[in-house]
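Asks: Residue strings, one per chain:
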Amino acid sequence: MGFDLAFALSSVPTILGAVGTTFCVALVSCIGAAAIGFFFEMVRRAGGVAGLTTGFVIDFIRSTPVLAWLYFLYFVLPFYGIRLGSMTVGVMGLSLYYSGYLAEVFKAGIDAIPKGQSEAARALSLSRRDSVIHVIAPQMLRNIAAPLGNYFVSILKATPYLAVLAVPEMLGRAFDIASETYRYTEPLVVAGLIFLALALVISHGVKRLERRLLAVGAR
Amino acid sequence: MSLFDIWLGILQGLGTTAAVTAYGLVFAVPFALVFGVAQYLTRGAARLLVTGVIEFWRSSAVIILLFVFYYALPVVGITLSAMTVSAMVLGLNAGGYASQAVRAGLQALPSGQKEAGAALGLSRPAILLLIELPQALVAMSPTFVNTLIQLVKATALVSLVTLTDMTFRAKEIAQVEYNPVAIYTALLLAFFVVCYPIALAGRWLEARVAAPGSRSRGI
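Line by line, the protein sequences give chains A and B. Sequential numbering from 1 applies to the first sequence in our numbering. Sequential numbering from 1001 applies to the second sequence in our numbering.
Treat the hints as calculated values from the structure; they're not laboratory data. Check before you lean on any hint, since a few could be wrong.
Over the 10 angstroms line for every Cβ pair with chain A, so calculated as not near, a few chain B residues [stated by the list, open to error]:
hint, residue
1, S1002
2, R1043
3, R1047
4, I1064
5, P1110
6, L1130
7, T1143
8, T1155
9, E1172
10, L1188
11, A1201
Label-pair ranges, simulated between beta-carbon atoms [stated by the list, open to error]:
hint, chain 1, residue 1, chain 2, residue 2, range
12, A, L16, B, M1001, 41 to 47 angstroms
13, B, L1129, A, F79, 52 to 58 angstroms
14, A, I82, B, P1197, 30 to 36 angstroms
Each residue gets a CB set at the ideal place from its N, CA and C atoms; glycine is no exception.
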């Protein structure tokens, strides 16, 4: 057997053809996770019973594997008559799983803003709404940009989990080739290298962004 | 099958989950120590090489790494059990993350520590072993706990390479019993009861070692 380089190269276009799907799944999941995570964090900050419950939900999500969540949604939703495509279920699973982590990112981003900022906004008699939009949110966005970018890379690297739900992303394509040709090594190595390259390139971009934001912050 | 029977059935996989985690640590801990210290001490080309190895294990998608090594190692004549391959891949991935904590912990120490050691006439290895590493490892211990939790959760993947862990047991039970709500809720709960106490221990540890004001929430 051995490693057939020509065969590996021939599998590149098919696998690379799914890079768009992988990227879109990661992007939509990241937006979904940010939306749910922000909502979780807002409810948690408000405190009370709802806040404590949400805090527990966040901890629960973070104590359980993403694969278990994917199976849970994939098999439980149809039980209640909710039939969704595997891609939708996959995006929901990744969004839900990573929302627990992004809630923590929002928490840290908001906690890092000095109290004086909202006090100053109040002293200038800005309304609560205006102080959030013009004073708090811009500073929070700067605090969360880099961790959000890092979680985007994590989500991207988690998209191959969706192959277990038969979503045609890159790992799924690699397995399609493998099951047709009975050669697993080459397509899997190709998929692995493409993911590694994507992760390294985006991580590098996030690092540069972080450095620029830190430079702005230090002014 | 009652809910309790399902729960017990899933817990039959706890042994495998624990074994993969423990066996994974056998790979993760030495890798993190050796490569974290190496990245801290080396310069130039040597450092590039060390960073390359770390990034390979850390930045690859772990599910693809697992499949690549599971299918590719026999092709190049290396036959390992599914257990060994899983422990190696999951362990070195976690070790890659932990190595960054080791390096960051060492870099964060004030240079006066090293200089004081040198002034006392200690050799470089003695300074590293007696002065730098103990402080760095204690300071980073909450991060290591988080990595341990990630490792436990990542063991759910071994169900995809035929090991009968908790996730695999859940899928087996799902084949004889159509009760996805109970089965997959029980699976999530099974992981929660394993990981949440570790997370709480991590938070306790963090409160002990962290300087006030620099806390995160663990998991």
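Asks: Against this structure, judge whether each hint is valid.
Replies: Okay, the hints, checked on the actual structure:
Distance check on B:S1002: its Cβ is at least 18 angstroms (rounded) from any Cβ of chain A, clearing the 10 angstroms threshold; non-interface status holds. Against the 10 angstroms criterion, B:R1043 stays outside the reach of chain A, whose nearest CB is about 20 angstroms from its own CB. For B:R1047, the shortest C-beta to C-beta distance to chain A comes to about 17 angstroms, beyond the 10 angstroms cut-off, and the non-interface label holds. With a least CB separation of 4 angstroms from chain A, B:I1064 falls inside the 10 angstroms interface cut-off, contrary to its annotation.
Once the 10 angstroms rule is applied to beta carbons, B:P1110 is consistent with being away from chain A; the minimum gap is 21 angstroms. Once the 10 angstroms rule is applied to beta carbons, B:L1130 is consistent with being away from chain A; the minimum gap is 34 angstroms. For B:T1143, the shortest C-beta to C-beta distance to chain A comes to about 14 angstroms, beyond the 10 angstroms cut-off, and the non-interface label holds. Not every CB of chain A is more than 10 angstroms from the CB of B:T1155 (nearest about 8 angstroms), against its label as outside the interface.
With 10 angstroms as the threshold on Cβ separation, the claim that B:E1172 sits away from chain A holds: the shortest Cβ distance comes to roughly 13 angstroms. Here B:L1188 does not stay apart from chain A, with its beta-carbon only about 5 angstroms from theirs, under the 10 angstroms limit. The Cβ of B:A1201 sits about 12 angstroms from the closest Cβ of chain A, beyond the 10 angstroms cut-off, so the non-interface label holds. The supplied range of 41 to 47 angstroms is met by A:L16 and B:M1001, whose beta-carbon atoms lie about 45 angstroms from each other.
For the hinted restraint 52 to 58 angstroms between B:L1129 and A:F79, the CB-CB distance of approximately 57 angstroms keeps it satisfied. In this structure, A:I82 and B:P1197 meet the distance hint of 30 to 36 angstroms, their C-beta atoms being roughly 33 angstroms apart.
Going down the numbered hints, you'll see the structure goes against 4, 8, 10, while the others check out.
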